[in-house]
Amino acid sequence: MKKALPYSLFFSFFFVGLCLSQAFAYDWPTPDFKIRKNFAQRTGNSYEPGLEFETTASNLNAPEKGQVIFSFTPDTGSAQNLPSSLGGFVVVAHSDQLRTLVSGLQPQPWLTSVSVASGDPLGTIPNAQTVTTSPTPTRHQLMVFDQQLGEIVNPLLVFPPRADERSPIILDVKLVGDSPESSASLFAHSHFSVGYWTLYVDAVDPGSSDSGNSQKGLYSVSAYLNGNEVFRTALTSLQDKNGQFTIKGTGKPLSDVIVGDHEWRLGKIFLNQGTNILELVVKDFQGKESGKTFHILGSSS
Amino acid sequence: MSYFGYSSSREKNKNALWLILILLCILIYLLVFPRALGKDSFLVPLKAVSMTSLPPDSQTSYERLILVGQNVVGLTKEGEPVFFRPARTLEAVSGVNDAWYDETSDQTMVTSASGPLFHLSGKQYPYWLGQRFYTFNNDRLGVTEYDLKGNKLWSKDRTSIITALAAGPTLTVVGSLDGRISVYDKTGTTRGSFNPGGSQYPVIYNTAISSDEKHILLLSGMLPKRFLVLERGSNEFHPIFHQELSDQKPYPTPLGFLGGDRWAYFVSQQDFHLLNLKSDHEAVMPLQGQLKSLIYDNSMGLMTSVTGGGTASILHVWSTSGRALLFSPFQAQHALLFQEGNRIILVADQFVLIMKRELQ
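Residue numbers (my numbering), protein chains in the order written: chain F, 1 to 301; chain S, 1 to 360.
I should point out that these hints are in silico values taken from the structure, not numbers from a laboratory.
Please note: incorrect hints may appear among the correct ones.
What the hints assert, rightly or not - Derived pair list, reagent style DSS-like, types lysine-lysine, alpha-carbon separation capped at 27 Å:
hint, chain 1, residue 1, chain 2, residue 2
1, F, 241, S, 356
2, F, 252, F, 65
3, F, 252, S, 249
4, F, 241, S, 249
5, F, 241, F, 268
6, S, 123, F, 241
7, S, 249, S, 47
8, S, 123, F, 34
9, S, 123, F, 37
10, F, 65, S, 249
11, F, 283, F, 34
Claimed, not checked - Short derived list, chain F residues pointing at chain S, Cβ under 10 Å:
hint, residue
12, 47
13, 49
14, 71
15, 73
16, 77
17, 78
18, 83
19, 84
20, 85
21, 90
22, 103
23, 106
24, 110
25, 114
26, 254
What the hints assert, rightly or not - Pulled from the structure, derived: some chain S residues nowhere near chain F, Cβ distances all over 12 Å:
hint, residue
27, 29
28, 44
29, 69
30, 116
31, 121
32, 158
33, 160
34, 212
35, 255
36, 284
37, 291
38, 325
Quick caveat: nothing in here was measured; it's all calculated off a predicted structure.
C-beta atoms are modelled at their ideal positions from N, C-alpha and C, and glycine is treated no differently.
With these hints in hand, go ahead and build the complete structure from the sequences.
In structure tokens form, the structure reads like this:
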């Protein structure tokens, strides 16, 4: 029995190692890059369906071995020259039913669908400066699609973790009543009338120190009122329900939850007479979290 | 020295007899196997105009806008160019309709020849299919249709990149990277969906819908790529014809209908395939380079195409049986053909060539 323990430990470590090697079989399209926008981050009326990153590299590579199934170069003479912010892009289908899309490049001049190995060049970056003195970064998209489940997957679930020294920041928390003018920040007010209020949180993830001034979206938000969970959502993947993006696990339309740049609508809460304790926890993907606790005095006036 | 000059009268009679006999044989052959004399189709150049000297704004009225390469040209009904200018940001044109993103006002402008139709706030990605106006959102993961007054008709998000879009008078076909097509009506109600399958990697590369909205064409899948014809049933579209292709190009290649829904065409490898949808008879014609533009003359049953690669282009006239009738190489990277009556107008890079089709 005593000898069985080291063996079981060995196999446990082996199994964990195997899982981790499988989990991060994918590698970033370039080693030198900065993430600008996180998965499902809202900017204006559009949502980031993957990750937006910037790099000074001159080409981007296949994240994992697979089959090139789509290669697009914008050209007015081409069939289905559909417009988007993607520019040229390449889609690789992998053996685990995931498909990765890398955009903002001039694809390799493939005449047929080819197999690529991890790290094989997918294309060059147009306008990439070859002068190394002050290269201008170019912006790109990285998306992951789950072909089996029909979902858009948060790339951070698939790609190796990134260093992150900074925790998310809660910029504002407000309660909005039935009329839009009955809105107040919990940073400035603690007295509210008894009844239903809609809870909004404005929070950003400043990310690592090398991310510059970019304020990225969060990974998850949780809220507790008087010890009871009233909201918990993590952005793992997006599904399509009647032609609308919904957040997996909640069934809620993305546009109903993330309602502005960095603004989350957590839903309605009921404030009781007396003191109500509202706790908020926001997390980035690396697990760094920030929390706030508010004591809200509910009064009948 | 004439042949008959020094011969005897007997020889002359003999020769005359032979001549009469030969003529008689020809006459009998023509009577037994009657055939009309073949007519040759000619494209007679009427006018060639260089567009570089044209004004950048429309001084006179125009009937058609053409986006050729990175430029926009306005043409009269007869094909005469009236203005020529660099394309605006994200500019899309169709007929006299125009749409582009105006960076100074941060608006997407939609105009017609008579003036502005409406505008949309922010940077949109406009796209025309005939008279129908769409914008793409969320990096091609969503599409929205507007009417020409700017009212949003419907909007759909998808969890896969939209790779193909086609529209009939009332229906819109949306094809995506996950190998699925969805058919929506003008209210956004789903009128059908189809997942072709049969390939290792499901993908929709191109789609087209017939003008009567009874048929949909698809180029789908990889390993193998397939060509499918779907027919509208009582509720759904179902396949009535499919063909595995040796083509493995990982990008959209041309596909469409000709002559209403009588013919379907697609490009596979280096061949142009023309399928008679009534008889399933297929004609295959070799292409030199890529198909850049194609028109079909219904009355004559002739196709005129521009093919090529890079700046080397070729103007072809084909019969639907695959017989090449005319072949004319020229230099242009971007070329577009359209037809107005018996005139064929070729817009190529920076010149317009107006031709007339004649049968002789």
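The hints, checked one at a time:
1. F:241 / S:356: The hint is violated at about 53 Å.
2. F:252 / F:65: Given pair residue 252 of chain F, residue 65 of chain F is violated - Cα atoms ~34 Å apart, limit 27 Å.
3. F:252 / S:249: Distance ~39 Å between residue 252 of chain F and residue 249 of chain S Cα, so the pair is violated.
4. F:241 / S:249: 32 Å, violated
5. F:241 / F:268: Given that 27 Å is the threshold and the Cα spacing comes to 23 Å, the pair holds.
6. S:123 / F:241: 26 Å, holds
7. S:249 / S:47: Given pair residue 249 of chain S, residue 47 of chain S is violated - Cα atoms ~38 Å apart, limit 27 Å.
8. S:123 / F:34: It holds: about 24 Å lies between the C-alpha atoms, which stays within 27 Å.
9. S:123 / F:37: 18 Å, holds
10. F:65 / S:249: With Cα atoms ~19 Å apart, residue 65 of chain F and residue 249 of chain S stay inside 27 Å; holds.
11. F:283 / F:34: 19 Å, holds
12. 47: 6 Å, holds
13. 49: 5 Å, holds
14. 71: 5 Å, holds
15. 73: 8 Å, holds
16. 77: Hint on residue 77 of chain F: holds, closest Cβ of chain S at ~5 Å, below 10 Å.
17. 78: Status holds, d = 7 Å.
18. 83: Holds, about 4 Å.
19. 84: 4 Å, holds
20. 85: 6 Å, holds
21. 90: Residue 90 of chain F check passes; min Cβ-Cβ to chain S is 8 Å, inside 10 Å.
22. 103: Holds, because the Cβ-Cβ distance from residue 103 of chain F to chain S comes to roughly 8 Å (cut-off 10 Å).
23. 106: 13 Å, violated
24. 110: 6 Å, holds
25. 114: At about 8 Å, which falls below the 10 Å cut-off, the nearest Cβ of chain S leaves the hint on residue 114 of chain F intact, so it holds.
26. 254: 8 Å, holds
27. 29: 49 Å, holds
28. 44: 26 Å, holds
29. 69: 6 Å, violated
30. 116: Non-interface label stands for residue 116 of chain S: nearest chain F Cβ at 20 Å, farther than 12 Å.
31. 121: 9 Å, violated
32. 158: Label violated. Min Cβ-Cβ 6 Å, cutoff 12 Å.
33. 160: About 6 Å separates residue 160 of chain S from the closest Cβ of chain F, which leaves it inside 12 Å; violated.
34. 212: 22 Å, holds
35. 255: 7 Å, violated
36. 284: 19 Å, holds
37. 291: 9 Å, violated
38. 325: The claim stands: residue 325 of chain S keeps its Cβ more than 12 Å from every Cβ of chain F (closest is about 24 Å).
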